[in-house]
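The lines below spell out each chain.
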Amino acid sequence: MAPRIVYSVGKGGVGKTTCAAGLALQASRERLTLVVSLDPAHNLGDVLGLTLSGDPREISSNLWAVEVDMDAAIERYLADSTQRLQSMYGYLKAINLEGYLDALKLSPGIEEYATLETMESLLSTAEGRYDLVVFDTPPTGLTLRVLALPRVSLLWGERLTTLRREILDRRQVMRNIHGERKYVVDGVEQKLPSDEKSDGVMGELKDYVDRMRRLSALQADASQSRVMPVMNPDRLSLFETQRALETLGKLGMPIGPVIVNKVGLKPTDEETVKDIVRVLGLPARTLPYTSAEPVGIDALQLLTGKLDFREWIPGQRPA
Amino acid sequence: MEFELREMENILALLLFSSFVGLPSPPSDLSLRLMPHMVRELHVMSRRAGDLDDITGEIAGMFID
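Chains as they are written, first to last, in numbering that gives the first Met the number 0: chain A, 0 to 318; chain B, 0 to 64.
If you're looking for bench data, these hints aren't it; they were derived computationally from the structure.
Nothing here was measured: the structure is a model prediction, and the numbers come from that model.
Among the hints, erroneous ones may be present.
[Stated by the list, open to error] Label pairs and their calculated CB-CB ranges:
id	chain 1	residue 1	chain 2	residue 2	range
1	B	Phe16	A	Glu157	22 to 32 Å
2	B	Pro23	A	Gly127	54 to 64 Å
3	A	Asp45	B	Ser45	44 to 54 Å
A virtual CB, placed ideally from N, CA and C, is assigned to each residue, including glycine.
Please build the complete structure, drawing on both the sequences and the hints.
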């Protein structure tokens, strides 16, 4: 069975890693749980008081944790892309593909695609092995772009499929008139595909559209995934959360309630929480400010006594 | 030379502002996936780029293709 997914989303320093770890710990009492840090500046290990790596480590009964090495993930993504291009090896000389791939490492969008592929591959390995996957996400900007990718890419995939279909239709007409058309590249003669089955481009587009459609549907399915926004009772945190939730709402993602962390430091905090509820239009749950940061499994156990994290688990009935 | 300059100016403008005239760039991930299947198109593009300064050749080519 596919695992349920929770995304812990928030501005840097608000406590999203602590909340992700708290949720994972509480969930692990009833289900096999994997907590994943996708943040390039990891601190999941710091919060748990343990050393983590790119391989899931069992940190308590039913609970595994992993810190994804994003640089390695980008390298892997590029290596996979290069391998896909091997079939046109003869071309590397002609258009300097090697130089192009070097430049790709720094191109906009690559980090987002590498992050999306990492999430996808983690979810497919998690299938049947874990009941719940908790993502501690990178800074808000990157997270929003990654989560928007399936929708944007689906739109592109669908438009290009329509265009490709029109090209193939016309090729068929030409084939009916002139017979099968062939072309020669680097001395090798090949047939020009004119139907969807034999056309590699169409095959690739179909796979791509299916994949992006599946991901978009998964994101919008309240029985499968949920966003857990974490913020502090201050205006900057509110503005950023408001913008983030607006974008996530457009993607149809199930959101909330919002966790307002570190409440009680300022006398006005209670009023700010009321404002947050009003502005965001979401219920809020609060966690009090504590002078000592909750680090380690025992401290996180105490945290789960202060807040019932189960309500963020998709498909879970409210307690 | 005048023709070459004009073409170079056009190419630069097209690369920079194509999205404003209805030629947006698709996700680079999708382009990378489709690239191995479009060797012929790349070949044509690369030949065309080379032929840009030979407009007579291009026109003559239309009758041969």
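Hint-by-hint comparison with the structure:
The hint said 22 to 32 Å for the Cβ distance between Phe16/B and Glu157/A, and at roughly 25 Å that hint holds. Against the hinted window of 54 to 64 Å, the Cβ-Cβ separation of Pro23/B and Gly127/A comes to about 40 Å, which falls outside the hint. Under the hint 44 to 54 Å, the C-beta atoms of Asp45/A and Ser45/B, about 51 Å apart, fit the expected range.
Taken one by one, the earlier hints fail for this structure only at number 2.
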